[in-house]
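Protein sequence lines correspond, in order, to chains A and B. The opening residue of the first sequence carries number 1 in our numbering; numbering runs sequentially from there. The opening residue of the second sequence carries number 1 in our numbering; numbering runs sequentially from there.
Heads up, a few of these hints could be off.
Within a straight-line C-alpha distance of at most 16 angstroms, the following computed EDC-like cross-link-like pairs (lysine to aspartate or glutamate) qualify [to be verified]:
{"hint": "1", "chain 1": "A", "residue 1": "K97", "chain 2": "B", "residue 2": "E35"}
{"hint": "2", "chain 1": "B", "residue 1": "K48", "chain 2": "B", "residue 2": "D25"}
{"hint": "3", "chain 1": "B", "residue 1": "K95", "chain 2": "A", "residue 2": "E24"}
{"hint": "4", "chain 1": "A", "residue 1": "K97", "chain 2": "B", "residue 2": "D103"}
{"hint": "5", "chain 1": "B", "residue 1": "K121", "chain 2": "A", "residue 2": "E18"}
{"hint": "6", "chain 1": "A", "residue 1": "K95", "chain 2": "B", "residue 2": "D25"}
{"hint": "7", "chain 1": "A", "residue 1": "K97", "chain 2": "B", "residue 2": "D86"}
{"hint": "8", "chain 1": "A", "residue 1": "K48", "chain 2": "A", "residue 2": "D63"}
{"hint": "9", "chain 1": "A", "residue 1": "K121", "chain 2": "B", "residue 2": "E18"}
{"hint": "10", "chain 1": "A", "residue 1": "K92", "chain 2": "B", "residue 2": "E51"}
{"hint": "11", "chain 1": "B", "residue 1": "K53", "chain 2": "A", "residue 2": "D103"}
{"hint": "12", "chain 1": "B", "residue 1": "K53", "chain 2": "B", "residue 2": "E35"}
{"hint": "13", "chain 1": "B", "residue 1": "K133", "chain 2": "B", "residue 2": "E96"}
{"hint": "14", "chain 1": "A", "residue 1": "K134", "chain 2": "A", "residue 2": "E96"}
{"hint": "15", "chain 1": "B", "residue 1": "K92", "chain 2": "A", "residue 2": "E18"}
{"hint": "16", "chain 1": "B", "residue 1": "K121", "chain 2": "B", "residue 2": "D103"}
{"hint": "17", "chain 1": "B", "residue 1": "K48", "chain 2": "B", "residue 2": "D63"}
{"hint": "18", "chain 1": "B", "residue 1": "K97", "chain 2": "A", "residue 2": "D25"}
Coverage of chain B stretches by chain A, computed from C-beta distances (three or more under 8 angstroms per stretch; other residues unrestricted) [stated by the list, open to error]:
{"hint": "19", "region": "39-46"}
{"hint": "20", "region": "71-80"}
{"hint": "21", "region": "101-109"}
Read the hints as simulated data drawn from the structure, not as lab findings. Backbone N, C-alpha and C fix where the C-beta goes; we use that ideal spot for every residue, glycine too.
This is what each chain is made of:
2 protein chains.
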Amino acid sequence: MIPTHIEHLGIAVNNLDEAINYYEDVLGLKCYSIEEVQDQKVRTAFFKVGETKIELLESTTPDGPIGKFIEKRGQGIHHIAFAVNDINTSLKTVKEKGVRLIDEEPRPGAESLDIAFLHPKSTFGVLTEFCSKKAN
Amino acid sequence: MIPTHIEHLGIAVNNLDEAINYYEDVLGLKCYSIEEVQDQKVRTAFFKVGETKIELLESTTPDGPIGKFIEKRGQGIHHIAFAVNDINTSLKTVKEKGVRLIDEEPRPGAESLDIAFLHPKSTFGVLTEFCSKKAN
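Excised from the complex, chain A in its bound form (with noise of 0.2 angstroms):
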């Protein structure tokens, strides 16, 4: 169940606008995509870096899961997605090797993608997501 490359970073920050304008304009990146996702109660930008996306995260209320990382940590890097190729297989692998999860099932991310998370508690303090293309 290796993981293939990272698919993407989340970054949490406080105003999506602002944070698109840095990543465009200092670091020369370009914003493909800005994407609701209701489930999670953000808003989210993407950027490509190599075959890595940068996904910038802003809460859309203050007691969503970004919202209350920022009270408690600030912005900053939110969690790291490793690309699997078969996201069923590889829960059931790192729970049997004793890793906690979040998602026990696989749930629809951003950018029509399943996703799960493994809990920082197990992952050395790191929030850790699977991600995998729908299987049809």
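Put chain B on the given structure of chain A with help from the hints.
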């Protein structure tokens, strides 16, 4: 000065050996190098996932930058390093655009790269590193 890819992610951990075990045994990645960077007061372990490296960082002293980071925020993602073709030009460009630099000039990092950090107050909370191969 567009970054070509994410060269590595730095992750602060309390115990390098335990964290290596997680990345190898649970995630299936392979540690290919362990290196001490005395300048940064860290022991590092490297993994490759796609085109990006994961660099685990264990502090060799409580008063080093990683020791202080963990004391304040706990284990977790410490920085993002973007690969750039010309680190001197990249630093000059972002400084002209108002970014505060931690390193005004590149310095030697792990894996024989030239590196420099941008201050997270200028980069929406993300400690950001540029790195490039040494100019010969």
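Status of the hints after comparison with the structure:
1. A/K97 <-> B/E35: It is violated: about 28 angstroms lies between the C-alpha atoms, which goes past 16 angstroms.
2. B/K48 <-> B/D25: holds (14 angstroms)
3. B/K95 <-> A/E24: holds (15 angstroms)
4. A/K97 <-> B/D103: Violated - the C-alpha atoms of B/D103 and A/K97 are around 41 angstroms apart, more than 16 angstroms.
5. B/K121 <-> A/E18: holds (13 angstroms)
6. A/K95 <-> B/D25: Given pair A/K95, B/D25 holds - Cα atoms ~12 angstroms apart, limit 16 angstroms.
7. A/K97 <-> B/D86: The hint is violated at about 43 angstroms.
8. A/K48 <-> A/D63: violated (29 angstroms)
9. A/K121 <-> B/E18: This hinted pair holds, its Cα atoms lying about 13 angstroms apart.
10. A/K92 <-> B/E51: Status violated; Cα separation ~26 angstroms.
11. B/K53 <-> A/D103: Violated, at roughly 26 angstroms.
12. B/K53 <-> B/E35: holds (14 angstroms)
13. B/K133 <-> B/E96: Not OK: B/K133 and B/E96 at ~23 angstroms, beyond 16 angstroms, violated.
14. A/K134 <-> A/E96: Not OK: A/K134 and A/E96 at ~23 angstroms, beyond 16 angstroms, violated.
15. B/K92 <-> A/E18: The given pair, whose Cα atoms are some 21 angstroms apart, is violated under the 16 angstroms limit.
16. B/K121 <-> B/D103: holds (14 angstroms)
17. B/K48 <-> B/D63: Since the Cα atoms of B/K48 and B/D63 sit roughly 29 angstroms apart, the hinted pair is violated (cutoff 16 angstroms).
18. B/K97 <-> A/D25: Given pair B/K97, A/D25 holds - Cα atoms ~8 angstroms apart, limit 16 angstroms.
19. 39-46: violated (count 0)
20. 71-80: holds (count 6)
21. 101-109: Check failed, 0 qualifying residues.
This entry does not satisfy hints 1, 4, 7, 8, 10, 11, 13, 14, 15, 17, 19 and 21, going by the numbered hints stated previously.
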